[in-house]
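*Asks:* Listed below are the residues making up each chain.
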Amino acid sequence: MNEILLSDIIAFFSADIVEVKGDISNRRIMYLKPVGYEDEFTLDWVNPANKEGQQFAEHSKAKVILCNSKIEYNDALQKSDKVLVVSEAPKLLLAKIYHQYFKTLPVPIISDKADISPDAVIGANCYIGAFCSVGKCKIGNNVIIMPNVTIYDDVVIGDNVIVHSGTILGRPGFGYERDSDNMLYLFPQISRLIIKDNVEIGANCAIDKGALLDTVIERNSKINNSCHIAHNVSIGRSSVITGHVYIAGSTKIGNNVWISPNTTFVGHTVIGDNSKVGAGSLVTKDIPANEVWFGSPAKKQRDNE
Amino acid sequence: MNEILLSDIIAFFSADIVEVKGDISNRRIMYLKPVGYEDEFTLDWVNPANKEGQQFAEHSKAKVILCNSKIEYNDALQKSDKVLVVSEAPKLLLAKIYHQYFKTLPVPIISDKADISPDAVIGANCYIGAFCSVGKCKIGNNVIIMPNVTIYDDVVIGDNVIVHSGTILGRPGFGYERDSDNMLYLFPQISRLIIKDNVEIGANCAIDKGALLDTVIERNSKINNSCHIAHNVSIGRSSVITGHVYIAGSTKIGNNVWISPNTTFVGHTVIGDNSKVGAGSLVTKDIPANEVWFGSPAKKQRDNE
Amino acid sequence: MNEILLSDIIAFFSADIVEVKGDISNRRIMYLKPVGYEDEFTLDWVNPANKEGQQFAEHSKAKVILCNSKIEYNDALQKSDKVLVVSEAPKLLLAKIYHQYFKTLPVPIISDKADISPDAVIGANCYIGAFCSVGKCKIGNNVIIMPNVTIYDDVVIGDNVIVHSGTILGRPGFGYERDSDNMLYLFPQISRLIIKDNVEIGANCAIDKGALLDTVIERNSKINNSCHIAHNVSIGRSSVITGHVYIAGSTKIGNNVWISPNTTFVGHTVIGDNSKVGAGSLVTKDIPANEVWFGSPAKKQRDNE
Numbered sequence: 001m002n003e004i005l006l007s008d009i010i011a012f013f014s015a016d017i018v019e020v021k022g023d024i025s026n027r028r029i030m031y032l033k034p035v036g037y038e039d040e041f042t043l044d045w046v047n048p049a050n051k052e053g054q055q056f057a058e059h060s061k062a063k064v065i066l067c068n069s070k071i072e073y074n075d076a077l078q079k080s081d082k083v084l085v086v087s088e089a090p091k092l093l094l095a096k097i098y099h100q101y102f103k104t105l106p107v108p109i110i111s112d113k114a115d116i117s118p119d120a121v122i123g124a125n126c127y128i129g130a131f132c133s134v135g136k137c138k139i140g141n142n143v144i145i146m147p148n149v150t151i152y153d154d155v156v157i158g159d160n161v162i163v164h165s166g167t168i169l170g171r172p173g174f175g176y177e178r179d180s181d182n183m184l185y186l187f188p189q190i191s192r193l194i195i196k197d198n199v200e201i202g203a204n205c206a207i208d209k210g211a212l213l214d215t216v217i218e219r220n221s222k223i224n225n226s227c228h229i230a231h232n233v234s235i236g237r238s239s240v241i242t243g244h245v246y247i248a249g250s251t252k253i254g255n256n257v258w259i260s261p262n263t264t265f266v267g268h269t270v271i272g273d274n275s276k277v278g279a280g281s282l283v284t285k286d287i288p289a290n291e292v293w294f295g296s297p298a299k300k301q302r303d304n305e
Numbered sequence: 306m307n308e309i310l311l312s313d314i315i316a317f318f319s320a321d322i323v324e325v326k327g328d329i330s331n332r333r334i335m336y337l338k339p340v341g342y343e344d345e346f347t348l349d350w351v352n353p354a355n356k357e358g359q360q361f362a363e364h365s366k367a368k369v370i371l372c373n374s375k376i377e378y379n380d381a382l383q384k385s386d387k388v389l390v391v392s393e394a395p396k397l398l399l400a401k402i403y404h405q406y407f408k409t410l411p412v413p414i415i416s417d418k419a420d421i422s423p424d425a426v427i428g429a430n431c432y433i434g435a436f437c438s439v440g441k442c443k444i445g446n447n448v449i450i451m452p453n454v455t456i457y458d459d460v461v462i463g464d465n466v467i468v469h470s471g472t473i474l475g476r477p478g479f480g481y482e483r484d485s486d487n488m489l490y491l492f493p494q495i496s497r498l499i500i501k502d503n504v505e506i507g508a509n510c511a512i513d514k515g516a517l518l519d520t521v522i523e524r525n526s527k528i529n530n531s532c533h534i535a536h537n538v539s540i541g542r543s544s545v546i547t548g549h550v551y552i553a554g555s556t557k558i559g560n561n562v563w564i565s566p567n568t569t570f571v572g573h574t575v576i577g578d579n580s581k582v583g584a585g586s587l588v589t590k591d592i593p594a595n596e597v598w599f600g601s602p603a604k605k606q607r608d609n610e
Numbered sequence: 611m612n613e614i615l616l617s618d619i620i621a622f623f624s625a626d627i628v629e630v631k632g633d634i635s636n637r638r639i640m641y642l643k644p645v646g647y648e649d650e651f652t653l654d655w656v657n658p659a660n661k662e663g664q665q666f667a668e669h670s671k672a673k674v675i676l677c678n679s680k681i682e683y684n685d686a687l688q689k690s691d692k693v694l695v696v697s698e699a700p701k702l703l704l705a706k707i708y709h710q711y712f713k714t715l716p717v718p719i720i721s722d723k724a725d726i727s728p729d730a731v732i733g734a735n736c737y738i739g740a741f742c743s744v745g746k747c748k749i750g751n752n753v754i755i756m757p758n759v760t761i762y763d764d765v766v767i768g769d770n771v772i773v774h775s776g777t778i779l780g781r782p783g784f785g786y787e788r789d790s791d792n793m794l795y796l797f798p799q800i801s802r803l804i805i806k807d808n809v810e811i812g813a814n815c816a817i818d819k820g821a822l823l824d825t826v827i828e829r830n831s832k833i834n835n836s837c838h839i840a841h842n843v844s845i846g847r848s849s850v851i852t853g854h855v856y857i858a859g860s861t862k863i864g865n866n867v868w869i870s871p872n873t874t875f876v877g878h879t880v881i882g883d884n885s886k887v888g889a890g891s892l893v894t895k896d897i898p899a900n901e902v903w904f905g906s907p908a909k910k911q912r913d914n915e
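Protein chains in written order, with this note's numbering: chain A, 1 to 305; chain B, 306 to 610; chain C, 611 to 915.
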């Protein structure tokens, strides 16, 4: 259990904090806690969406509360000796504090119950869980591969990547040519799957390697559970692909894109930077940058401010 | 192979049986059988939806036939010495008989090919299959975890739960906050996944643990394959979630609900008791109790009688 | 690495080749290569969809180029001593050449890290990867089961089948009967899953065994990632089921059918031979043979020429 001086947290995140109300001297924070489990060593917070945020702050058993400027530092809070850490974006700041101080990751070790190809090249400080099958691939530093992940050959993974359980990386893509006798022949699937730094991939995803061009996921992008990403797809930086998204072959998704759940891309379309696609959409056309699309088939709804 | 006196079955399920036609003395039942494989020791049945049910009963090689009152105990049936067990709901009764006498479950054993955390607490009489990875969690009695399941930390499983292969339980949820540099920070995912008694979860599901509130699945609910259930979701009692259903964060689903395949919930909605949602729907609003909704976005179709 | 005489390739596929331009004597081919990685031992190709195919052919470092008759054997190609292998369907022919000469499959071995039931019957020349759990089932010859696959009991697999990682075969189907107390009873799930020769099944699929009738996938059909195929479904020969397709119970799909991504079949419908269903469709009715359907719910769009 960490024990951190509140003054250190405030100093570290001073750019994110508008004001601190109350006496922070010698305050220590030990953890974040689920709603209802907070105590005096908890850093608690008030969600700006909470209409009864003032009461929430007053009733919290925590002594340090992260909030926005709508919470008044009133008598009740002062008398109970609470500290308010005021931020314009308390949800983001809570996530940053969690990331900086409290997020726990598996101890880096390669399980002796994993099956690692002798041709795999694995960087420093990696965790690879039990029942992972790792083919002829290259894995960077500080990578976390949770249990029961399968990595085929020809996969290249950068640093600080997290892959959750049940995910299959680098399967040869699904592209068949039919002849006049209705025999189906697999088109050559001989390229790679490249996953850049800081990407996180959810559980039970299937991400195929490329046919004659690589499949690429650029750095910082995050992918939720049960997504399928086909051969030759490229996904830009810092994009968010939520769950049950199906991205057919050769789709090009830009940077800072948000794809809502259960969206289907039919393939060979280009999705511009900073665009957003609503849930359950069927994307059949290119989407320009900075637009919000939705529907089946998806159409422009508005600009993405 | 069981060998059960028909008279015992009839006595046990007397409340479900309207009438028995024919001589049941010394009749024994050994099994249920697939269509076309029945023999004299089979308990066969006539599906009420079968328009040629009478002929089906006459042609069956079984001597005991479960049916509704539309099947006549005619000369052909009498001469072939068949017994009709008449129920108003033969399909339900067949399921109950299967459950009571014939359903086979794995012998309770924890595979030495599973990887169990020393901090896991596991009840009596459990089956845990090969290549299961089980974290710091609590598992009740008579639980069946089929092979290749992954259970992260902070999962609490009740009694008589079944989890099918490839399912991932308790992954930290997918909730990111974006800063002005397009860095994505994971919001704290520090609560639990709680699965109550008699829940069955299909293959290749991904059910995340809660962020600051628990994810909860109440008793008797059944979930089909490849569903995604996000952080903070709650699902009531005796609800049926069919396959490829996507339930985004903080959705609250009531009791005795039926969710048809490939439905998407966008999150933060409340779905009332005894409601029903049609296939391929996109649920963007609260659904009151006792209503049938369908569509993308879903709208009320009718009351659920 | 293979080294093949071009004259042998041309002789083998003479029926698929219209014309060969240039001197093939002593030309050898060692491999196919991703775009940008070709060299003098590569068999390269020009995609008929490439509007700048002529320049592509001229700039290729390969000496042998598969193309259609639109590529001119001009001075540049002649002077660089290149050979054009002309086909009416170069994409299909490339797939056939890949299949015949260059596609690599795992060396047939049953991993000592797999868990195989003593009641499993496994044919000759099979590959079964690490962390596969194989129940009481029958597997033919030359079958490839990639790592982390789970096969329940009562599964019958033909010859030359490929099953990708994370797939679950033969789970008892999902069919519950509800009683007046809202208890849910599983309907008997006692039939088999039968997978015929040359079927390929993608990653993270879940294919259930039958209730009282078998689930059957006929020969040569190909299924992409994350599909769910329920109890009692039948799929004909040489059909293509792309990814994230949900096929509910008792759906009958014909031969040479094409199902686009994220399509949902609500069950108990019949899909005719040579039909095609567009992406994201919800199929609620029978589809006649030779038709193209699309939409939610799906409607006929046109004949399938």
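Hints are not guaranteed to be accurate.
From the structure, some residues in chain B lie toward chain C, with a derived Cβ separation under 10 angstroms [unchecked claim]:
id, residue
1, Lys401
2, Lys408
3, Val412
4, Pro413
5, Ile414
6, Ser543
7, Asn595
8, Val597
9, Gly600
Simulated from the structure, these hints should not be mistaken for lab results. This structure is a prediction, so every number in the text was calculated from the model and none was measured. Each residue gets a CB set at the ideal place from its N, CA and C atoms; glycine is no exception.
*Asks:* For every hint, state whether the structure bears it out.
*Replies:* Now the hints, each set against the structure:
Checking B/Lys401 against chain C by beta carbon gives a least distance of about 5 angstroms; that is within 10 angstroms, so the hint holds. For B/Lys408, the suggested interface contact is upheld, since its CB lies about 7 angstroms from the closest CB of chain C, less than 10 angstroms. The beta carbon of B/Val412 is not positioned within 10 angstroms of any beta carbon in chain C (closest approach about 13 angstroms), and the interface hint is therefore violated. Given hint, B/Pro413 at the interface with chain C, is violated; its Cβ is 17 angstroms from that chain's nearest Cβ, farther than 10 angstroms.
Restraint check, B/Ile414 versus chain C: the minimum CB separation of about 13 angstroms is more than 10 angstroms; hint violated. A least Cβ separation of about 4 angstroms between B/Ser543 and chain C falls short of the 10 angstroms threshold, and the interface hint therefore holds. The restraint placing B/Asn595 at the interface with chain C is violated, with a minimum CB-CB distance near 14 angstroms, outside the 10 angstroms limit. This hint is violated: B/Val597 has a C-beta 14 angstroms from the nearest C-beta of chain C, more than the 10 angstroms allowed.
The interface hint given for B/Gly600 is met, as the beta carbon of that residue sits about 8 angstroms from the closest beta carbon of chain C, less than 10 angstroms.
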